[in-house]
Structures are given as structure tokens and as C-alpha cells.
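Asker: Sequence:
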Amino acid sequence: MSTQFGNYSDYSGVAKTPGCATHVLDPRLNIMSTLIPGLFTAKSCLDIGCNAGSVSCQLGFDLDAASVTGVDIDPKLVGQAEKLFALRASRVQPPTSDSERVVDYFPISAVLTHGYRIEPESRSARKTSSASAPSTWPCVSFFSADWVTTNRDITEPYDVILALSVIKWIHLEHHDEGLRIFFAKCASSLKSGGYLIIELQGWNSYEKAVRSNHAPHFEQTFRELKYRPETSFDRLLRDEGLHLCASSDALPRRINVYRKS
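Under UniProt numbering, the very last position in the sequence shown is 261; numbers go up by exactly one each time.
Do not take every clue at face value.
Computed Cβ-Cβ distance ranges for the label pairs, DEER-style [claimed, not checked]:
| no. | residue 1 | residue 2 | range |
| --- | --- | --- | --- |
| 1 | I36 | G241 | 10 to 20 Å |
| 2 | S205 | I181 | 42 to 52 Å |
| 3 | S109 | E156 | 15 to 25 Å |
Taking lysine-lysine and the BS3-like style, the derived pairs with C-alpha atoms no more than 25 Å apart in a straight line are [what the hints assert, rightly or not]:
| no. | residue 1 | residue 2 |
| --- | --- | --- |
| 4 | K185 | K226 |
| 5 | K43 | K83 |
| 6 | K43 | K185 |
| 7 | K43 | K191 |
| 8 | K208 | K191 |
Read the hints as simulated data drawn from the structure, not as lab findings. For every residue, glycine included, the Cβ atom is placed at its ideal position computed from N, Cα and C.
Given these sequences and hints, build the entire structure.
Answerer: Structural data, given as C-alpha cells:
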């Protein structure tokens with residue numbers, strides 16, 4: 001299946017858990033939480049290349065992040081992410097004086113029968129409404145942009161930035177210089193002591209990406225690239241003040257965690 005930016009629908013990496021399987025925590029998130037306990041709890045997170053929003057929603061609903069921003073270059077996928085948020089928000093049992101909030105309390109059949117309790121369009125409308133408008137738990141939002149080139153303002157730096165199975169496509173789209181810009185932007189968007197998490201796509205993955213049935217339009221760029229994920233990324237990130245502090249090879253693609261000094 002060919003793709004312009006690597007924007008496969010319902011993609012969840014080579015771990016093979018479908019993004020639509022909302023009842024199963026993404027194994028990459030399990031690995032990260034094991035590497036650094038409490039990594040996401042009460043933290044502000046940015047999910048770059050969020051696809052259809054599975055990881056972003058799990059950070060908010062299941063891992064108790066304080067806020068999550070998902071960004072993807074494909075507006076159709078961002079629309080799917082908004083719908084996924086609406087589905088999961090509609091299944092939450094609100095807290096009462098006698099009980100705490102319960103995630104995934106109402107069955108999906110209840111949403112299919114009675115509709116969303118939280119409509120995606122309503123969330124979009126609230127973004128431009130007054131500060132007194134009711135908020136939705138958890139604080140998860142999405143927008144469509146190319147993170148390398150967007151001028152969108154960051155009001156506060158993030159505690160955690162995730163770049164899962166996306167850097168290869170950023171590299172192919174924006175060349176070596178664009179990769180440096182991406183790493184520099186991630187560093188400047190992190191709080192001191194914050195974490196950048198990368199799911200490493202090896203050079204063999206680049207080779208597969210430019211095949212005729214995937215993204216052959218990147219073949220010329222691929223031939224011009226000098227940086228390699230296995231040999232160059234750590235140095236480029238150190239140059240931006242991001243130092244490797246944890247790593248795991250438990251899944252088919254290595255998970256690297258870098259800390260901002």
C-alpha cells in the first residue's frame with residue numbers, strides 16, 4: 001500500500017496491536033512505563049505523528065497524563081483521533097460523591113445505540129469558546145500540522161515528547177537538515193529534565209519504505225541521506241542537550257529514551 005507521508009491508517013508500529021484495540025494498552029507504552037516508572041503520570045505530553053490517536057488517548061485515559069497533545073500531518077487521521085477520543089470519553093462513568101471515575105465503564109454497544117456523550121465537533125467548538133466553558137476529562141487535544149515546519153505556538157514546554165515510528169518519515173520528507181531541525185525543536189519544546197522517546201526505525205526500514213508499493217517518491221532523498229538512525233541519532237541529540245538514559249530491545253523496534261539536561 002503506497003503512502004505519501006507514512007500515514008498508514010490505524011498504524012501502531014511493528015508491535016502489531018491495532019490502534020483500534022482500545023482495550024489493550026499499547027505494548028510500547030508498557031515498555032516506557034517500565035523503563036521509567038511514573039513517566040506519564042500528571043505530565044504534559046506531546047505525541048508527534050499521533051496517527052488515529054490510540055497512544056494519545058491511552059496516555060490520557062489509562063496512564064493519567066495531565067494533558068496530551070497529538071499532532072499528525074494527515075487531517076483525516078486527526079479526525080479519526082477526535083472520534084476515538086469521543087468514543088472513549090463517552091464510555092467513562094463520571095465520578096460521584098460515592099465513587100471514583102471509571103474508564104471504559106459503558107459498553108461500546110451503549111455508544112452505538114445512544115450516540116456519543118462527547119461529540120468531536122463539540123470539542124472543536126469549545127476550543128474557541130470562553131474560558132468558562134465546561135472542560136472534558138482527560139485533557140487530550142489534536143491538531144493537524146507538519147511538526148517540523150509548523151509555527152504553532154507552544155504556551156508551555158512539555159514533560160514528555162513521543163516520536164513513535166515517525167522519524168523515518170520526517171527524515172525522508174525533510175532530509176538531513178530537516179532532521180536536525182526536528183531534534184532541535186523537540187529539545188526546545190521540552191522542560192529541563194523532560195524526556196524525548198523515540199521508537200527507532202532502522203536503516204533497513206528506510207530501504208523498505210522507498211519500495212514501489214510504499215513511498216517510491218522518497219527514493220532520491222533516501223540516496224542523499226548521510227545520517228543513519230543506528231550511528232548518527234545519539235550524537236545529533238547530544239548536540240541538542242538530549243542524552244540517552246534508557247533503552248529497550250524487548251519489541252521489534254528499539255525504544256530509546258533521552259533526557260534533557
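Asker: Take the hints in turn and mark each one as holding or not.
Answerer: How the hints compare with the structure:
no., hint, verdict
1, I36 - G241: 10 to 20 Å, "holds, 18 Å"
2, S205 - I181: 42 to 52 Å, "violated, 21 Å"
3, S109 - E156: 15 to 25 Å, "violated, 39 Å"
4, K185 - K226, "holds, 20 Å"
5, K43 - K83, "holds, 23 Å"
6, K43 - K185, "holds, 19 Å"
7, K43 - K191, "holds, 11 Å"
8, K208 - K191, "violated, 35 Å"
Checked against the numbered hints above, the structure breaks hints 2, 3, 8 and satisfies the rest.
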